[in-house]
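A.B. asks: Going down the list, the protein sequences come from chains R and W. When we follow the working numbering, the leftmost residue of the first sequence carries the number 1, and every step to the right adds one. When we follow the working numbering, the leftmost residue of the second sequence carries the number 1, and every step to the right adds one.
No lab work stands behind these hints, which were simulated from the structure alone. Among the hints, erroneous ones may be present.
Unchecked claim - Just a sample of chain W residues kept apart from chain R, beta carbon distances all over 12 Å, derived:
| no. | residue |
| --- | --- |
| 1 | P175 |
| 2 | W228 |
| 3 | Y372 |
| 4 | K415 |
| 5 | Q416 |
| 6 | W451 |
| 7 | V452 |
| 8 | H549 |
Claimed, not checked - Facing chain W, from chain R, some residues (calculated, C-beta under 10 Å):
| no. | residue |
| --- | --- |
| 9 | V8 |
| 10 | R53 |
| 11 | C74 |
Said to hold, decoys possible - Which residues of chain W face chain R? A partial, calculated answer using Cβ under 8 Å:
| no. | residue |
| --- | --- |
| 12 | A78 |
| 13 | E156 |
| 14 | L278 |
| 15 | L316 |
| 16 | L318 |
| 17 | A320 |
| 18 | I321 |
| 19 | I323 |
| 20 | G324 |
| 21 | S335 |
| 22 | P373 |
| 23 | P389 |
| 24 | L520 |
| 25 | P524 |
All values derive from a computational prediction rather than experimental measurement. We treat Cβ as the ideally placed atom computed from N, Cα and C, and that holds for glycine.
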Amino acid sequence: MRRILLFVPLLIFIGLGYFLWRGLSIDPTELPSARLNQPFPQFQLASLTEPERMMTEADLKGRPALVNVWATWCPTCKEEHTFLNQLAQQGVTIYGINYKDEPLKAREWLKRYLDPYAEVVLDQEGSLGIDLGVYGAPETYVIDAQGVIRYRHVGAVDATVWKQLKQVMDQLAGGDA
Amino acid sequence: MIPELGQYALILTACLAVLLGTIPMIGATVGNALWCSYARPLAIAMFGFVLFSFLCLSWSFLQSDFSVAYVASNSNTALPWYYRLSAVWGGHEGSLLLWLLILTGWTLAVALKSGNLPEDIQARVLSVMGLITIGFTLFILFTSSPFERYLPRIPEQGADLNPLLQDIGLIMHPPMLYMGYVGFSVAFAFAIAALLSGRLDTAWARWSRPWTVVAWAFLTLGIALGSWWAYYELGWGGWWFWDPVENASLMPWLIGTALVHSLAVTEKRGVFKSWTVLLAIFAFSLSLLGTFLVRSGVLTSVHAFASDPDRGFFILALLAISIGGSLLLYAIKASHVKSESSFGLLSRESFMLINNVLLTVCCATVLLGTLYPLLVDALNLGKISVGPPYFNALFVPLGSLLVLTMGVGVLLRWKQTSLQLLIGQLWLPGVLAVLAGALSLYLLPYWPGFWVSAGLLLAWWVVFTGGRDLANRMRNKSAGLSALLGQSRAYYGMVLAHGGIAVLVVGIALVSTFSEHSDLRMEPGDRKQFYDYEFVFDGIRKVDGPNFHSDTGVIRVLYQGEPYTEMYPEKRLYTARGNVMTEAAIDPGLFRDLYVALGESLGGDAWAVRVQYKPFVRWLWLGGLMMTIGGLLAATDPRYRKQARRDLAGA
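Please model the complete structure; the sequences and the hints are all you need to start from.
C.D. replies: Quick look at the structure:
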């Protein structure tokens, strides 16, 4: 028994090495979201900007929109922030979920770097994040007018990613019309 | 001509390394003393050639020989000579050459200092170091030679060294860090030699212990330097970002710390041998992994790695052979290892084991948090950050537990301690720690929350349990003062290093809670108050430096309403590359730093200014320095030399 145990570190290393090797050589397809084509999970959380006002999933309905999960501790969020501001200026509706963050810092951040969000949900405990299946910040979802999740992107939004998201949003807008 | 000589010296190094990696190893296996005796001269020659190669590269930098591609992309004629020299390790190729220089330097040190080891052990240890050298030399020669030429079109001017790296902190940081990283290769070589010879005994632990502790001390210093540099140079006033590059150095440190303790148990009691060997392998493996993760740029972007697949696959093959090979050897050989003694639940051994388990879990946590985003990125699922919330949530409780058991551990005896005796030893430090902790909390401006309070309490706990231990030792001797001075150097080292942990904990707890910072839009005359300090913005001056233009802010500081000092934060434009750099102004102090950084101009006379008040921030690096000195004291304990002579006489 002990002899077999001694092989455990080697096996773990081989597993890790295999994964790294695959990572070097293969580009697998996208991460499927378990929530895809499901309604946005129910929640009741405070708004970041007006802490006394409670928000629910109903507040996100009405038109196709982006839902962006962000936090001040996440450097990649800062990277994508400028691009989100541009999108907001082009008239794209973006809802923010402030994920496991300190509200004070988050408000200061929006003041400092401008606020692209129509609404920001304060998810301090990460409970909504769990329901959504958030891997880490940033993540961006496309929802339709009925609040159904149509697309999920893990990572920063930039011009290339936006092309993809825009396609989905245009389809939704077309379908609604 | 000079660069070609450097390249040639590297090729000769590879040949010598092959000889060193094979002949003494075979000699030790078949018992041929002549073949074994080749190890030392080969090790010395190998170092000589790498040093020569390194000097060739340094010469090319000093001469600004821009026909060498690496020099052209990392230097500039306007650069002062000392930055030209430090630019040698400013990029990927040169850092690898520095790595190799330090590796062969450690090999040389082992060759010169290990005259008292049994011949076959010495031959095996040096041989393993030779094998590692083969891998690295080939990696440099095939994929990252710093001596490649730009021919025939030689650039007129170099691209300059990144201004971030034009700094004393960054001149010192990589060599210290590498001394630590590579130093673990000695512990690794000793472990492999012990596995091969089947002699995993207390003598082996004694031989490798001072080497390991020195490497650990350098690594500690390297990490502390890096943190200090990030604090004053990056303009954020942060001192630890949980960024993958930092994590890459933290992981070997955590395992190295576990190894240092585990080696102590193996030496004193002859137990944990198999575990100690595994830790030695892990410490070096993580150093390798860390170096490559950082140097290959794989962490900032996978695509930099994949764009040069040769490098990536070479690295992976190197890792697979060295780590996989040693783990295989471990799996085959370690089953013969037997413990030489047993121990009870309440014993120093079992608490050292708890320490080891906690440190290993900490390391696994960091490894997971570091590699997970990398894997997600590698699988093309996008970029995500596993942020400080993850690390803090796991690290704070684990670290607290670690410090708690540390206090108990120093007071426990080897083998078995009765519960009664332990309680007798612990109650007084416990009560004192609670009292001192309560007093500290009372002195703070407000209740800082559970974990910070726990941190302060634990810092006192470490101080008082250490004091108790010292008191015990003094009681057994006649005169107080001579007993205080008469302890072994290793003991003082331990006390200092553990004290460093207490200082570090206080620093972390207070600076993360009571820091005040504000990003302000300031026009001349605007004021901001933090505690007793008031900052007054007096406007901007234009100042021209030797190779940059600067906007220098003038900030007057009042202490309790009285003029205290003036601070000059800068925004510099480096003309060669067009980089804009922030130079923060810092008023340092043992109990608090004042930190002012200048942001962007907001139009008119208004500027974005970041003002910070950082209490106890210096304690972070003071703690690191104490651990470093403690480690160096312990490693130079005269007992190792005396014991080595005794081993020789007994053999």
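A.B. asks: Please go over all the hints and tell whether each is borne out by the structure.
C.D. replies: Structure-based check of all given hints:
The non-interface label for P175 of chain W is consistent with chain R: the shortest C-beta to C-beta separation is roughly 28 Å, beyond 12 Å. Distance check for W228 of chain W against chain R: the nearest CB is about 21 Å away, which clears 12 Å, and the non-interface claim stands. Non-interface status of Y372 of chain W relative to chain R is broken: a Cβ of that chain comes within 12 Å, the nearest being about 8 Å off. With 12 Å as the threshold on Cβ separation, the claim that K415 of chain W sits away from chain R holds: the shortest Cβ distance comes to roughly 23 Å.
Non-interface status of Q416 of chain W relative to chain R is upheld: no Cβ of that chain comes within 12 Å, the nearest being about 25 Å off. Distance check on W451 of chain W: its Cβ is at least 15 Å (rounded) from any Cβ of chain R, clearing the 12 Å threshold; non-interface status holds. Every beta carbon of chain R lies more than 12 Å from that of V452 of chain W, the smallest distance being close to 15 Å; the non-interface claim holds. No beta-carbon of chain R comes within 12 Å of the beta-carbon of H549 of chain W; the shortest separation is about 25 Å.
A cut of 10 Å between beta carbons decides the hint on V8 of chain R: the least distance to chain W is about 8 Å, and the hint holds. Hint status for R53 of chain R relative to chain W: violated, with the closest Cβ pair at about 25 Å, above 10 Å. Interface hint at C74 of chain R: satisfied, since its Cβ lies 4 Å from the closest Cβ of chain W, which is below the 10 Å cut-off. With 8 Å as the threshold, the beta carbon of A78 of chain W stays out of range of chain R, its nearest partner Cβ sitting at about 32 Å, so the hint is violated.
Violation of the interface hint for E156 of chain W is found here, the shortest Cβ-Cβ separation to chain R being roughly 35 Å, above the 8 Å cut-off. Hint status for L278 of chain W: holds, given a least beta-carbon distance of 6 Å to chain R, under 8 Å. This hint holds: L316 of chain W has a C-beta 6 Å from the nearest C-beta of chain R, less than the 8 Å allowed. The interface hint given for L318 of chain W is broken, as the beta carbon of that residue sits about 11 Å from the closest beta carbon of chain R, more than 8 Å.
For A320 of chain W, the shortest C-beta to C-beta distance to chain R is roughly 6 Å, which falls under 8 Å, so the interface hint holds. For I321 of chain W, the interface hint is violated, since its Cβ never comes within 8 Å of a Cβ in chain R; the closest pair sits about 11 Å apart. Given hint, I323 of chain W at the interface with chain R, holds; its Cβ is 6 Å from that chain's nearest Cβ, closer than 8 Å. Residue-level restraint check for G324 of chain W holds (minimum Cβ-Cβ distance to chain R is 6 Å; threshold 8 Å).
Checking S335 of chain W against chain R: minimum C-beta separation of about 5 Å stays under 8 Å; hint holds. Because the beta carbon of P373 of chain W sits about 7 Å from the nearest beta carbon in chain R, less than 8 Å, this interface hint is met. Using the Cβ-Cβ criterion of 8 Å, the hint placing P389 of chain W at the interface with chain R is satisfied: the shortest such distance is roughly 5 Å. Against a cut-off of 8 Å between C-beta atoms, the interface hint on L520 of chain W is violated, since the closest Cβ of chain R lies about 10 Å away.
Look at P524 of chain W: its Cβ only gets to about 21 Å from chain R, farther than 8 Å, so that hint breaks.
Hint violations for this structure: numbers 3, 10, 12, 13, 16, 18, 24 and 25, all remaining hints satisfied.
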